[in-house]
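Let the hints inform the model, and build the full structure from the sequences given.
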Amino acid sequence: GNSVTQMEGPVTLSEEAFLTINCTYTATGYPSLFWYVQYPGEGLQLLLKATKADDKGSNKGFEATYRKETTSFHLEKGSVQVSDSAVYFCALSNAGGTSYGKLTFGQGTILTVHP
Amino acid sequence: DTGVSQDPRHKITKRGQNVTFRCDPISEHNRLYWYRQTLGQGPEFLTYFQNEAQLEKSRLLSDRFSAERPKGSFSTLEIQRTEQGDSAMYLCASSLETGRNSPLHFGNGTRLTVT
Chain A
1 GNSVTQMEGP
11 VTLSEEAFLT
21 INCTYTATGY
31 PSLFWYVQYP
41 GEGLQLLLKA
51 TKADDKGSNK
61 GFEATYRKET
71 TSFHLEKGSV
81 QVSDSAVYFC
91 ALSNAGGTSY
101 GKLTFGQGTI
111 LTVHP
Chain B
1 DTGVSQDPRH
11 KITKRGQNVT
21 FRCDPISEHN
31 RLYWYRQTLG
41 QGPEFLTYFQ
51 NEAQLEKSRL
61 LSDRFSAERP
71 KGSFSTLEIQ
81 RTEQGDSAMY
91 LCASSLETGR
101 NSPLHFGNGT
111 RLTVT
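As given, the protein sequences belong to chains A and B, one line each in that order. Residue 95 in this note's numbering is what sits at position 95 of the first sequence, and the numbering runs on without skipping anything. Residue 104 in this note's numbering is what sits at position 104 of the second sequence, and the numbering runs on without skipping anything.
To be clear, the hints were calculated from the coordinates, so they are not data collected in a lab. Ideal placement from N, C-alpha and C gives every residue a C-beta, glycine not left out. Please note that a few of the clues may not be correct.
[Said to hold, decoys possible] Some chain B residues judged to face chain A by a derived CB distance under 10 Å, without partners named:
no., residue
1, GLN6
2, PRO8
3, GLU28
4, ARG31
5, TYR35
6, PHE65
7, GLY85
8, ALA88
9, LEU91
10, GLU97
11, SER102
12, PRO103
13, PHE106
[Claimed, not checked] Sample of chain A residues facing chain B (criterion: CB under 7 Å; computed from the structure):
no., residue
14, TYR39
15, LEU46
16, GLY78
17, GLN81
18, LYS102
19, GLY106
20, GLY108
Okay, here's the thing in structure tokens:
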């Protein structure tokens, strides 16, 4: 079946540091890949997505590239801010059938950014 | 677009009692999903509706769980004879059927505590 593995957390950084959160996946077919973010007290929000190999998703300074050869979708940001403190979830969507849109999530990575 | 609304935000119940949660999706969204999230884990898929039809149920959804979406709009999730292991955040999400890449819009969740 489908599965998503994220790097162990939590991650603590100083403001303006470089961020990488690793994500690898196992899936049949050609899944779409997503990063969702959950800010304190809020629901999950879509951060970015990529729908095919070598696609790069980007939003709010975050980027992730769909690497089929390494089955990875690592999240990066060049300079984090305190407001980026949140829980980040990597996810994939099933490749077909009646399960269109159903997401399989990783366990989440807590990011804390200090001033 | 008022977002996905879930009610109640918190529910504390005694073991053995029945509970019901409600989800109001974004009005034009025809897909609705229920997920469960426990502390330190990513959301786990429970069930999925397209309009009023329940198309998929996870093996996580025991016989004590039932979900409905009677008119293809709001949905309810009922847990009968609650157990302490049911304590979790129950998330609802909706999306518009435009293919598997449609992003899911999540509500803020209902936190269930079974004592």
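Next item on the list: Tell me if PHE106/B is really an interface residue toward chain A, meaning its C-beta lies closer than 10 Å to one of theirs.
Entry: holds (4 Å)
Check: Under the criterion of a CB-CB separation shorter than 7 Å, is GLY78/A in contact with chain B as hinted?
Finding: Nearest chain B Cβ about 24 Å off; hint violated.
Check: How about GLY106/A: closest beta carbon in chain B under 7 Å, or not?
Finding: GLY106/A check passes; min Cβ-Cβ to chain B is 5 Å, inside 7 Å.
Margin query: Checking hints one by one. Is GLY108/A an interface residue toward chain B, by the C-beta closer than 7 Å rule?
Written below: OK, holds: GLY108/A within 7 Å of chain B, min 5 Å.
Checklist line | chain B contact restraint for GLN81/A - C-beta distance below 7 Å | finding: The hint is violated - GLN81/A has no Cβ within 7 Å of chain B, the shortest such distance being about 23 Å.
Item checked: Closest C-beta approach of GLY85/B to chain A relative to 10 Å, hint status -> Violated - the Cβ of GLY85/B stays beyond 10 Å from chain A, reaching only about 18 Å at its closest.
Item checked: Interface hint outcome for GLU28/B [beta carbon to chain A under 10 Å] -> Check failed: Cβ of GLU28/B comes no nearer than 15 Å to chain A, outside 10 Å.
Item checked: Residue hint ALA88/B, partner chain A, criterion CB-CB below 10 Å -> ALA88/B check fails; min Cβ-Cβ to chain A is 14 Å, beyond 10 Å.
Item checked: Hinted contact PRO8/B with chain A - closest CB pair below 10 Å -> violated (15 Å)
Next item on the list: Using Cβ atoms only, decide whether GLU97/B comes closer than 10 Å to chain A, and label the hint accordingly.
Entry: Holds - the Cβ of GLU97/B comes within 10 Å of chain A, reaching about 8 Å at its closest.
Check: Close enough to count: is the Cβ of PRO103/B nearer than 10 Å to one in chain A?
Finding: Nearest chain A Cβ about 4 Å off; hint holds.
Notebook entry, point to check: With a cut-off of 10 Å, does the beta carbon of SER102/B approach a beta carbon of chain A closely enough for the hint to hold?
Noted result: holds (6 Å)
In terms of the numbered hints stated before, the structure departs from hints 2, 3, 6, 7, 8, 14, 16 and 17, listed from lowest to highest.
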